[in-house]
Amino acid sequence: MLPDWYLRLSAASGSSFIPAWNNADVAVATFAAFAVFFVVSTVLAADWPFDIAFLSLVAGGILVSWPAMIAMTMASVALAIVVGGMHALIAPQRNARIAAEAQRKVAPALEQFARDAGIGDAERRRLLGDGDSERR
Amino acid sequence: MIDQLLDALEWVGRGLNAATAAIDSIGMSIALFLLTAILAAVGGFVNGRMRLYGALVGGMLVNAVVKAMGGGFATALAATVVFTAAGFALGCTPLLLKLMRMQQRR
Chain D
0 MLPDWYLRLS AASGSSFIPA WNNADVAVAT FAAFAVFFVV STVLAADWPF DIAFLSLVAG
60 GILVSWPAMI AMTMASVALA IVVGGMHALI APQRNARIAA EAQRKVAPAL EQFARDAGIG
120 DAERRRLLGD GDSERR
Chain V
0 MIDQLLDALE WVGRGLNAAT AAIDSIGMSI ALFLLTAILA AVGGFVNGRM RLYGALVGGM
60 LVNAVVKAMG GGFATALAAT VVFTAAGFAL GCTPLLLKLM RMQQRR
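From first to last, the protein sequence lines stand for chains D and V.
Going by numbering that gives the first Met the number 0, the residue at position 109 of the first sequence is 108; the numbering climbs one at a time, nothing skipped.
Going by numbering that gives the first Met the number 0, the residue at position 86 of the second sequence is 85; the numbering climbs one at a time, nothing skipped.
In short, the hints are calculated from the structure, not lab data.
Be careful, since some hints might not be right.
EDC-like, lysine to aspartate or glutamate: derived pairs with alpha carbons at most 20 Å apart [claimed, not checked]:
#, chain 1, residue 1, chain 2, residue 2
1, V, K97, D, D115
2, D, K104, D, D24
3, D, K104, D, D50
4, V, K97, D, E110
5, D, K104, D, D115
I would like the entire structure built from these sequences, with the hints used as guidance.
See the structure below:
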């Protein structure tokens, strides 16, 4: 059922932490789970699918060898960039709202941190922005 | 129950021992631990869940390094568990502040 090139790749990738599965099998299954739940989390703008996507990547990483881990992580980052870019193109207002909400969540903690670190007002505004761009 | 807990702790201890042997550099172990704590602290700016995720990312980096240095799957898993837990515990804002002040003093 599976193509020959994949069977050869799978055999060459070596055995994973699960003896019955090769590294390539685990990496493909993990990446598929990540892709599905990451897209669902973007569409629904919900946290729980993102949690599942992230934890599946962690679980897959534990089970595979380090080259497979790196390949899987790079593929996931590339997918996240593509999905994020498409989301920004298809629904720019929704994307901006989510970004502003994230900024609002993080800004007080960063402000407090900058103050505790002894960073002056001018430098703090330069590093963190004064929030005007979000308010506009 | 206590026996099982002790067994688990012994397994983690043996794994950590093997992981430090695989990394074979105390400096690199400390650097990885600090990186895990910093990632946890940065995640902590958002919320507690992101702090855990930051620590997990650091733990997975340790996992990759241990595997790349010749450690087995179980060894890498034990190192991930320990580094993630320690990074999450220490990964708080005061640590980042201390590191920044140390850097400024230099």
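Hint check:
no. : hint            : verdict
1   : V:K97 x D:D115  : 10 Å, holds
2   : D:K104 x D:D24  : 39 Å, violated
3   : D:K104 x D:D50  : 18 Å, holds
4   : V:K97 x D:E110  : 17 Å, holds
5   : D:K104 x D:D115 : 18 Å, holds
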